[in-house]
Amino acid sequence: MPINSFNDYVLTWKPDRRQLKRPIYQSLSQQLEQDIADGSLPPGTKLPPQRELADFLDVNFTTITRVYKISEHKGLTYGIVGKGTFVASNATLPITIASQPSSKEMIELGFNSSFELCNDLVAKVVEQTVKTTDISQLLNYDEQTGSLKQKLAGLSFLKRMKMTGSVENLAIASGGQNALAVAVLAMFEPGDRIAVDEFTYANFIELAILHHLRLVPIAGDEQGMSDQALLAACKLQGIKGIYLMPNGANPTTTYMTAARRQKIAQLINRYELILIEDDYLGFTYLGSDQQDAPVSALTPAHSIYVCSLSKSISSGLRVAYMLFAPAYKEQILRALFNITVKTSSLDVEVITNSILSGVAYRLIEMKKQLALQANLVFDQVFDQQPVPHNPYTFFRWLPLRQRVNGQQFEAEMLANHIRVFHSDRFIVGDATSQPNYLRISLASGSSLVTLKHDLLALKQQAGPLIN
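Going from the sequence shown to the numbering used here is simple: count from 1 and add 842.
Bear in mind the hints are in silico, worked out from the structure with no lab data behind them.
Some clues are possibly wrong.
Quick list of in silico lysine to any residue cross-link-like pairs, SDA-like style, CA-CA up to 20 Å [said to hold, decoys possible]:
1) Lys925 x Glu1040
2) Lys863 x Gln873
3) Lys966 x Gly1200
4) Lys856 x Ser871
5) Lys916 x Ile1051
6) Lys911 x Gln868
7) Lys991 x Val1201
8) Lys916 x Gln868
9) Lys991 x Thr974
10) Lys916 x Glu1048
11) Lys946 x Ser1288
12) Lys1301 x Asp1221
13) Lys925 x Gln1276
14) Lys1077 x Glu1114
15) Lys863 x Asp877
16) Lys1105 x Leu1073
17) Lys888 x Thr1274
18) Lys1001 x Asp1131
19) Lys1184 x Asn982
20) Lys916 x Gly886
21) Lys916 x Asp1034
As the structure is a computational prediction, the values presented were derived from the model and not from experiment.
Sequences are here, hints too, so could you generate the full structure?
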(Lines of atoms letter the chains of each structure in order from A and count residues from 1; the text may use other names and numbers.)
(Lines give C-alpha, C1' and ligand atoms only; values in the text may rest on other atoms or scores of the structure.)
Protein backbone atom coordinates (compact mmCIF):
# COMPACT_ATOMS: atom_id res chain seq x y z
CA MET A 1 0.00 0.00 0.00
CA PRO A 2 1.32 3.51 -0.85
CA ILE A 3 2.73 5.35 2.13
CA ASN A 4 1.67 8.75 0.73
CA SER A 5 -1.71 10.13 -0.34
CA PHE A 6 -1.78 11.23 -3.99
CA ASN A 7 -5.28 12.69 -3.98
CA ASP A 8 -3.97 16.24 -3.95
CA TYR A 9 -0.47 15.55 -5.25
CA VAL A 10 0.10 16.07 -8.94
CA LEU A 11 1.97 13.37 -10.80
CA THR A 12 2.57 14.14 -14.46
CA TRP A 13 1.96 10.49 -15.29
CA LYS A 14 -0.49 8.28 -13.44
CA PRO A 15 -0.62 4.84 -15.06
CA ASP A 16 -3.84 2.90 -14.64
CA ARG A 17 -3.08 0.36 -11.92
CA ARG A 18 -6.07 -1.75 -12.95
CA GLN A 19 -4.42 -2.50 -16.30
CA LEU A 20 -1.16 -3.76 -14.85
CA LYS A 21 -0.34 -7.36 -15.64
CA ARG A 22 2.72 -9.43 -14.93
CA PRO A 23 5.49 -8.87 -15.65
CA ILE A 24 4.70 -5.42 -14.24
CA TYR A 25 7.63 -3.64 -15.91
CA GLN A 26 6.48 -4.74 -19.38
CA SER A 27 2.90 -3.67 -18.72
CA LEU A 28 4.08 -0.26 -17.47
CA SER A 29 6.43 0.15 -20.42
CA GLN A 30 3.54 -0.47 -22.80
CA GLN A 31 1.36 2.09 -21.00
CA LEU A 32 4.14 4.67 -21.11
CA GLU A 33 4.73 4.10 -24.82
CA GLN A 34 1.00 4.34 -25.55
CA ASP A 35 0.57 7.54 -23.52
CA ILE A 36 3.46 9.15 -25.38
CA ALA A 37 2.12 7.98 -28.74
CA ASP A 38 -1.41 9.31 -28.20
CA GLY A 39 -0.23 12.67 -26.88
CA SER A 40 -1.24 12.16 -23.26
CA LEU A 41 2.42 12.81 -22.42
CA PRO A 42 3.56 15.52 -24.85
CA PRO A 43 7.24 16.17 -25.67
CA GLY A 44 9.13 17.85 -22.85
CA THR A 45 6.94 16.41 -20.09
CA LYS A 46 8.94 15.61 -16.97
CA LEU A 47 8.06 12.14 -15.72
CA PRO A 48 7.45 11.61 -12.00
CA PRO A 49 10.46 10.87 -9.77
CA GLN A 50 11.00 7.13 -9.69
CA ARG A 51 10.40 6.67 -5.95
CA GLU A 52 7.17 8.69 -6.02
CA LEU A 53 5.81 6.73 -8.98
CA ALA A 54 6.80 3.46 -7.32
CA ASP A 55 4.94 4.55 -4.17
CA PHE A 56 1.87 5.60 -6.16
CA LEU A 57 1.72 2.24 -7.96
CA ASP A 58 2.80 0.26 -4.89
CA VAL A 59 5.59 -1.47 -6.80
CA ASN A 60 9.33 -1.83 -6.26
CA PHE A 61 11.50 1.17 -7.01
CA THR A 62 13.64 -1.05 -9.27
CA THR A 63 10.60 -1.76 -11.42
CA ILE A 64 10.22 1.94 -12.27
CA THR A 65 13.97 2.22 -12.87
CA ARG A 66 13.67 -0.60 -15.38
CA VAL A 67 10.69 1.01 -17.12
CA TYR A 68 12.53 4.32 -17.47
CA LYS A 69 15.62 2.60 -18.85
CA ILE A 70 13.56 0.74 -21.45
CA SER A 71 11.92 3.99 -22.57
CA GLU A 72 15.33 5.65 -22.91
CA HIS A 73 16.64 2.74 -24.97
CA LYS A 74 13.66 3.14 -27.29
CA GLY A 75 14.37 6.85 -27.68
CA LEU A 76 11.05 7.79 -26.07
CA THR A 77 12.58 9.62 -23.10
CA TYR A 78 15.90 11.06 -22.02
CA GLY A 79 17.46 11.73 -18.66
CA ILE A 80 19.32 14.78 -17.40
CA VAL A 81 21.56 14.22 -14.39
CA GLY A 82 20.07 15.99 -11.37
CA LYS A 83 16.92 17.07 -13.22
CA GLY A 84 14.97 13.93 -14.06
CA THR A 85 13.51 12.06 -17.03
CA PHE A 86 11.66 13.81 -19.86
CA VAL A 87 9.62 12.78 -22.90
CA ALA A 88 11.79 13.15 -26.00
CA SER A 89 10.85 15.79 -28.55
CA ASN A 90 11.02 13.32 -31.43
CA ALA A 91 9.47 10.39 -29.55
CA THR A 92 6.53 10.13 -31.96
CA LEU A 93 8.26 11.58 -35.02
CA PRO A 94 9.67 9.28 -37.71
CA ILE A 95 13.25 10.49 -37.35
CA THR A 96 15.02 8.69 -40.17
CA ILE A 97 15.52 10.88 -43.22
CA ALA A 98 15.30 9.12 -46.57
CA SER A 99 14.20 9.83 -50.10
CA GLN A 100 10.50 9.06 -50.54
CA PRO A 101 8.37 8.44 -53.61
CA SER A 102 6.42 11.57 -54.49
CA SER A 103 4.17 13.01 -57.14
CA LYS A 104 5.34 15.49 -59.74
CA GLU A 105 3.55 18.20 -57.78
CA MET A 106 5.60 17.56 -54.64
CA ILE A 107 8.17 20.22 -53.77
CA GLU A 108 11.18 18.48 -52.23
CA LEU A 109 12.95 20.72 -49.73
CA GLY A 110 13.47 18.02 -47.11
CA PHE A 111 15.64 15.22 -48.41
CA ASN A 112 19.20 16.45 -48.89
CA SER A 113 20.31 15.26 -52.31
CA SER A 114 23.55 16.08 -54.16
CA PHE A 115 22.79 18.00 -57.37
CA GLU A 116 21.92 14.91 -59.40
CA LEU A 117 22.05 16.93 -62.63
CA CYS A 118 25.83 16.34 -62.49
CA ASN A 119 25.40 12.59 -62.91
CA ASP A 120 26.04 12.66 -66.68
CA LEU A 121 29.71 13.19 -65.92
CA VAL A 122 29.71 10.18 -63.59
CA ALA A 123 27.90 8.10 -66.23
CA LYS A 124 30.81 8.63 -68.61
CA VAL A 125 33.23 7.26 -66.01
CA VAL A 126 30.95 4.23 -65.59
CA GLU A 127 31.02 3.62 -69.35
CA GLN A 128 34.80 3.99 -69.48
CA THR A 129 35.25 1.65 -66.52
CA VAL A 130 33.17 -1.05 -68.20
CA LYS A 131 35.20 -0.71 -71.42
CA THR A 132 38.66 -0.78 -69.84
CA THR A 133 38.22 -3.09 -66.84
CA ASP A 134 37.86 -6.85 -66.52
CA ILE A 135 34.48 -6.59 -64.83
CA SER A 136 34.48 -10.27 -63.84
CA GLN A 137 37.30 -9.50 -61.40
CA LEU A 138 35.02 -7.06 -59.60
CA LEU A 139 32.21 -9.56 -59.04
CA ASN A 140 33.72 -11.77 -56.36
CA TYR A 141 34.43 -11.70 -52.63
CA ASP A 142 38.12 -10.85 -53.03
CA GLU A 143 39.76 -7.82 -51.37
CA GLN A 144 36.88 -7.16 -49.03
CA THR A 145 38.21 -3.85 -47.69
CA GLY A 146 39.21 -2.60 -51.16
CA SER A 147 42.07 -3.32 -53.57
CA LEU A 148 45.48 -1.67 -53.24
CA LYS A 149 44.72 0.54 -56.25
CA GLN A 150 41.39 1.59 -54.75
CA LYS A 151 42.89 2.31 -51.33
CA LEU A 152 45.78 4.34 -52.73
CA ALA A 153 43.32 6.44 -54.72
CA GLY A 154 41.31 6.89 -51.53
CA LEU A 155 44.35 8.01 -49.57
CA SER A 156 45.21 10.52 -52.29
CA PHE A 157 41.70 11.95 -52.02
CA LEU A 158 41.84 12.06 -48.22
CA LYS A 159 45.21 13.83 -48.36
CA ARG A 160 43.44 16.73 -50.05
CA MET A 161 41.06 16.70 -47.09
CA LYS A 162 44.11 17.09 -44.81
CA MET A 163 43.92 13.50 -43.59
CA THR A 164 46.83 11.10 -43.89
CA GLY A 165 47.07 7.40 -43.11
CA SER A 166 48.10 4.01 -44.41
CA VAL A 167 46.31 1.35 -46.41
CA GLU A 168 46.44 -0.83 -43.28
CA ASN A 169 44.09 1.51 -41.46
CA LEU A 170 41.76 2.29 -44.36
CA ALA A 171 38.57 0.43 -45.22
CA ILE A 172 35.95 1.20 -47.84
CA ALA A 173 32.35 1.08 -46.66
CA SER A 174 29.06 1.12 -48.56
CA GLY A 175 28.35 4.81 -48.08
CA GLY A 176 28.41 7.14 -45.10
CA GLN A 177 25.45 5.63 -43.26
CA ASN A 178 26.97 2.16 -43.53
CA ALA A 179 30.28 3.51 -42.21
CA LEU A 180 28.56 5.12 -39.21
CA ALA A 181 26.73 1.88 -38.43
CA VAL A 182 30.01 -0.05 -38.63
CA ALA A 183 31.73 2.41 -36.30
CA VAL A 184 28.91 2.34 -33.75
CA LEU A 185 28.50 -1.43 -33.70
CA ALA A 186 32.26 -2.01 -33.61
CA MET A 187 33.16 0.35 -30.78
CA PHE A 188 30.15 0.76 -28.48
CA GLU A 189 27.95 -1.34 -26.23
CA PRO A 190 24.28 -0.72 -25.37
CA GLY A 191 24.05 1.95 -22.68
CA ASP A 192 27.28 3.72 -23.68
CA ARG A 193 27.12 7.51 -23.84
CA ILE A 194 28.12 9.48 -26.94
CA ALA A 195 28.44 13.27 -26.91
CA VAL A 196 26.71 15.04 -29.81
CA ASP A 197 25.61 18.53 -30.77
CA GLU A 198 22.21 19.57 -29.41
CA PHE A 199 20.94 19.38 -32.98
CA THR A 200 22.57 16.51 -34.84
CA TYR A 201 22.20 14.24 -37.87
CA ALA A 202 18.78 12.58 -37.63
CA ASN A 203 19.93 9.21 -38.95
CA PHE A 204 22.66 9.06 -36.32
CA ILE A 205 19.98 9.60 -33.66
CA GLU A 206 18.05 6.67 -35.11
CA LEU A 207 21.21 4.57 -35.27
CA ALA A 208 21.82 5.25 -31.58
CA ILE A 209 18.25 4.24 -30.74
CA LEU A 210 18.61 0.98 -32.66
CA HIS A 211 21.82 0.15 -30.77
CA HIS A 212 20.46 1.38 -27.39
CA LEU A 213 23.10 4.09 -27.00
CA ARG A 214 22.57 7.23 -24.94
CA LEU A 215 23.26 10.47 -26.79
CA VAL A 216 24.35 13.32 -24.54
CA PRO A 217 23.59 16.77 -26.02
CA ILE A 218 26.46 19.24 -25.68
CA ALA A 219 25.76 22.96 -25.96
CA GLY A 220 27.63 25.00 -28.53
CA ASP A 221 27.92 28.39 -30.16
CA GLU A 222 28.86 29.86 -33.52
CA GLN A 223 32.32 28.25 -33.20
CA GLY A 224 30.97 24.73 -32.73
CA MET A 225 30.54 22.40 -29.78
CA SER A 226 31.55 24.01 -26.47
CA ASP A 227 34.72 22.52 -25.00
CA GLN A 228 33.63 23.62 -21.52
CA ALA A 229 30.26 21.86 -21.87
CA LEU A 230 32.02 18.75 -23.17
CA LEU A 231 34.46 18.84 -20.25
CA ALA A 232 31.56 18.96 -17.78
CA ALA A 233 29.88 16.01 -19.49
CA CYS A 234 33.10 14.00 -19.43
CA LYS A 235 33.46 14.62 -15.69
CA LEU A 236 29.84 13.96 -14.75
CA GLN A 237 28.33 11.57 -17.28
CA GLY A 238 30.96 9.03 -18.23
CA ILE A 239 31.15 9.87 -21.92
CA LYS A 240 32.68 7.08 -24.02
CA GLY A 241 32.54 8.61 -27.49
CA ILE A 242 31.81 11.75 -29.48
CA TYR A 243 30.19 12.31 -32.88
CA LEU A 244 31.23 15.44 -34.79
CA MET A 245 30.65 17.11 -38.16
CA PRO A 246 33.16 19.98 -37.91
CA ASN A 247 33.09 21.04 -41.57
CA GLY A 248 29.38 21.74 -41.56
CA ALA A 249 27.11 20.32 -38.89
CA ASN A 250 23.94 18.74 -40.18
CA PRO A 251 21.45 20.38 -39.73
CA THR A 252 22.76 23.70 -38.35
CA THR A 253 25.58 24.29 -40.93
CA THR A 254 27.84 25.35 -38.02
CA TYR A 255 31.56 25.26 -38.85
CA MET A 256 33.93 24.40 -36.02
CA THR A 257 36.81 26.88 -35.89
CA ALA A 258 40.45 25.77 -35.79
CA ALA A 259 40.83 26.98 -32.20
CA ARG A 260 37.75 25.06 -31.06
CA ARG A 261 38.98 21.94 -32.86
CA GLN A 262 42.18 22.10 -30.88
CA LYS A 263 40.31 22.36 -27.57
CA ILE A 264 37.90 19.54 -28.42
CA ALA A 265 40.82 17.38 -29.58
CA GLN A 266 42.62 17.94 -26.28
CA LEU A 267 39.59 16.63 -24.38
CA ILE A 268 39.27 13.64 -26.70
CA ASN A 269 42.90 12.75 -26.06
CA ARG A 270 42.69 13.40 -22.31
CA TYR A 271 39.58 11.31 -21.74
CA GLU A 272 40.38 8.80 -24.51
CA LEU A 273 37.03 9.33 -26.17
CA ILE A 274 36.23 7.42 -29.35
CA LEU A 275 35.75 10.05 -32.04
CA ILE A 276 33.48 9.42 -35.01
CA GLU A 277 34.08 12.32 -37.40
CA ASP A 278 31.60 12.60 -40.26
CA ASP A 279 33.24 14.70 -42.96
CA TYR A 280 30.55 14.42 -45.62
CA LEU A 281 30.90 18.09 -46.68
CA GLY A 282 34.63 18.67 -46.26
CA PHE A 283 35.15 18.54 -50.03
CA THR A 284 33.55 21.98 -50.35
CA TYR A 285 36.64 23.45 -48.66
CA LEU A 286 39.18 21.90 -51.06
CA GLY A 287 41.58 24.57 -52.24
CA SER A 288 40.24 27.12 -49.78
CA ASP A 289 42.31 29.20 -47.38
CA GLN A 290 39.66 28.38 -44.77
CA GLN A 291 40.28 24.62 -44.90
CA ASP A 292 41.19 23.45 -41.40
CA ALA A 293 42.56 20.04 -40.46
CA PRO A 294 39.92 17.53 -39.33
CA VAL A 295 39.69 16.85 -35.60
CA SER A 296 40.74 13.28 -36.43
CA ALA A 297 44.11 14.58 -37.61
CA LEU A 298 44.62 15.95 -34.09
CA THR A 299 43.49 12.71 -32.40
CA PRO A 300 44.96 9.90 -34.54
CA ALA A 301 44.94 7.36 -31.69
CA HIS A 302 41.24 7.86 -30.92
CA SER A 303 39.48 8.57 -34.20
CA ILE A 304 37.33 6.99 -36.88
CA TYR A 305 37.24 9.41 -39.79
CA VAL A 306 34.37 8.87 -42.25
CA CYS A 307 34.44 10.50 -45.67
CA SER A 308 31.39 9.73 -47.78
CA LEU A 309 31.58 10.24 -51.55
CA SER A 310 27.79 10.57 -51.93
CA LYS A 311 27.65 14.35 -51.96
CA SER A 312 30.99 14.99 -53.67
CA ILE A 313 30.75 12.45 -56.52
CA SER A 314 27.55 10.40 -56.68
CA SER A 315 24.79 9.46 -54.25
CA GLY A 316 24.00 6.31 -56.24
CA LEU A 317 27.51 4.90 -55.86
CA ARG A 318 27.58 3.78 -52.24
CA VAL A 319 31.17 4.43 -51.18
CA ALA A 320 32.76 5.96 -48.07
CA TYR A 321 36.33 5.88 -46.79
CA MET A 322 36.95 4.93 -43.17
CA LEU A 323 40.34 5.90 -41.77
CA PHE A 324 40.70 4.59 -38.23
CA ALA A 325 43.15 4.42 -35.33
CA PRO A 326 45.38 1.31 -35.48
CA ALA A 327 43.98 0.11 -32.15
CA TYR A 328 40.47 -0.01 -33.66
CA LYS A 329 41.37 -2.08 -36.71
CA GLU A 330 40.23 -5.50 -35.53
CA GLN A 331 36.83 -4.27 -34.29
CA ILE A 332 36.18 -2.15 -37.38
CA LEU A 333 37.01 -4.89 -39.87
CA ARG A 334 34.98 -7.48 -37.97
CA ALA A 335 31.93 -5.20 -37.87
CA LEU A 336 32.37 -4.23 -41.52
CA PHE A 337 32.43 -7.88 -42.59
CA ASN A 338 29.44 -8.88 -40.48
CA ILE A 339 27.31 -5.95 -41.61
CA THR A 340 28.34 -5.63 -45.25
CA VAL A 341 30.73 -8.51 -46.08
CA LYS A 342 32.07 -6.35 -48.90
CA THR A 343 31.36 -3.01 -50.53
CA SER A 344 30.54 -3.30 -54.24
CA SER A 345 33.89 -3.41 -56.06
CA LEU A 346 32.21 -2.01 -59.16
CA ASP A 347 31.01 1.07 -57.28
CA VAL A 348 34.45 1.54 -55.73
CA GLU A 349 36.20 1.11 -59.08
CA VAL A 350 34.08 3.84 -60.67
CA ILE A 351 34.85 6.16 -57.75
CA THR A 352 38.54 5.24 -57.99
CA ASN A 353 38.68 5.97 -61.71
CA SER A 354 36.91 9.28 -61.22
CA ILE A 355 39.60 10.28 -58.70
CA LEU A 356 42.54 9.08 -60.78
CA SER A 357 41.22 10.71 -63.97
CA GLY A 358 40.48 14.02 -62.26
CA VAL A 359 36.75 13.77 -62.97
CA ALA A 360 36.04 13.73 -59.22
CA TYR A 361 37.59 17.17 -58.82
CA ARG A 362 35.72 18.52 -61.84
CA LEU A 363 32.51 17.24 -60.25
CA ILE A 364 33.39 18.91 -56.97
CA GLU A 365 33.91 22.27 -58.66
CA MET A 366 30.64 21.90 -60.58
CA LYS A 367 28.74 21.11 -57.40
CA LYS A 368 30.39 23.91 -55.48
CA GLN A 369 29.31 26.40 -58.12
CA LEU A 370 25.77 25.01 -58.14
CA ALA A 371 25.70 25.19 -54.33
CA LEU A 372 27.00 28.76 -54.39
CA GLN A 373 24.25 29.79 -56.80
CA ALA A 374 21.62 27.89 -54.81
CA ASN A 375 22.62 29.74 -51.63
CA LEU A 376 22.35 33.04 -53.45
CA VAL A 377 18.82 32.10 -54.54
CA PHE A 378 17.97 31.26 -50.93
CA ASP A 379 19.35 34.62 -49.77
CA GLN A 380 17.19 36.41 -52.33
CA VAL A 381 14.00 34.70 -51.16
CA PHE A 382 14.79 34.82 -47.43
CA ASP A 383 16.78 38.03 -47.35
CA GLN A 384 16.80 38.49 -43.56
CA GLN A 385 18.68 35.29 -42.75
CA PRO A 386 22.31 35.15 -41.60
CA VAL A 387 24.85 33.94 -44.15
CA PRO A 388 26.47 30.60 -43.20
CA HIS A 389 30.22 30.17 -42.85
CA ASN A 390 30.28 27.84 -45.84
CA PRO A 391 28.92 29.51 -49.00
CA TYR A 392 28.78 26.04 -50.61
CA THR A 393 26.54 24.33 -48.05
CA PHE A 394 23.88 22.02 -49.53
CA PHE A 395 21.17 23.11 -47.09
CA ARG A 396 20.14 26.00 -44.87
CA TRP A 397 18.84 26.31 -41.31
CA LEU A 398 15.73 28.52 -41.27
CA PRO A 399 14.45 29.79 -37.88
CA LEU A 400 10.73 30.00 -37.08
CA ARG A 401 9.12 32.77 -35.06
CA GLN A 402 7.37 30.53 -32.55
CA ARG A 403 7.24 27.03 -31.18
CA VAL A 404 5.20 24.61 -33.33
CA ASN A 405 4.65 20.87 -33.22
CA GLY A 406 7.17 19.49 -35.68
CA GLN A 407 5.13 16.50 -36.79
CA GLN A 408 1.99 18.57 -37.32
CA PHE A 409 3.90 21.28 -39.18
CA GLU A 410 5.50 18.76 -41.55
CA ALA A 411 2.08 17.18 -42.18
CA GLU A 412 0.50 20.57 -42.94
CA MET A 413 3.27 21.41 -45.40
CA LEU A 414 2.97 17.97 -46.97
CA ALA A 415 -0.76 18.55 -47.47
CA ASN A 416 0.28 21.59 -49.51
CA HIS A 417 2.73 19.47 -51.55
CA ILE A 418 5.85 20.75 -49.76
CA ARG A 419 8.21 18.38 -47.96
CA VAL A 420 10.39 20.02 -45.31
CA PHE A 421 12.02 18.72 -42.14
CA HIS A 422 11.42 20.40 -38.81
CA SER A 423 14.13 20.73 -36.17
CA ASP A 424 12.37 18.22 -33.91
CA ARG A 425 13.86 15.47 -36.09
CA PHE A 426 17.36 16.61 -35.18
CA ILE A 427 17.01 17.53 -31.51
CA VAL A 428 18.72 15.58 -28.76
CA GLY A 429 17.22 16.43 -25.41
CA ASP A 430 14.64 19.08 -24.56
CA ALA A 431 13.10 20.80 -27.59
CA THR A 432 10.98 23.10 -25.46
CA SER A 433 14.08 25.08 -24.48
CA GLN A 434 15.33 25.38 -28.07
CA PRO A 435 14.21 27.65 -30.92
CA ASN A 436 12.37 26.12 -33.89
CA TYR A 437 13.95 25.69 -37.29
CA LEU A 438 13.45 24.13 -40.69
CA ARG A 439 16.26 22.42 -42.55
CA ILE A 440 15.91 23.44 -46.18
CA SER A 441 17.60 21.32 -48.84
CA LEU A 442 19.09 23.29 -51.73
CA ALA A 443 20.40 20.34 -53.76
CA SER A 444 17.31 18.30 -54.66
CA GLY A 445 15.75 20.38 -57.42
CA SER A 446 16.30 19.99 -61.14
CA SER A 447 17.43 23.61 -61.66
CA LEU A 448 17.98 26.92 -59.91
CA VAL A 449 14.75 28.22 -61.45
CA THR A 450 12.89 25.31 -59.86
CA LEU A 451 14.61 25.97 -56.55
CA LYS A 452 13.49 29.60 -56.52
CA HIS A 453 9.92 28.58 -57.33
CA ASP A 454 9.99 26.00 -54.51
CA LEU A 455 11.39 28.42 -51.94
CA LEU A 456 8.78 31.04 -52.84
CA ALA A 457 6.06 28.42 -52.42
CA LEU A 458 7.40 27.61 -48.96
CA LYS A 459 7.54 31.29 -48.05
CA GLN A 460 3.94 31.73 -49.12
CA GLN A 461 2.72 28.77 -47.06
CA ALA A 462 4.82 29.31 -43.94
CA GLY A 463 5.50 33.03 -44.28
CA PRO A 464 4.01 34.21 -40.95
CA LEU A 465 6.17 31.70 -39.07
CA ILE A 466 9.43 32.57 -40.79
CA ASN A 467 11.71 35.14 -39.17
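Next on the checklist: For each hint given before, does the structure comply? Return the numbers of the non-compliant ones in rising order.
Outcome noted: No hint contradicted; all consistent.
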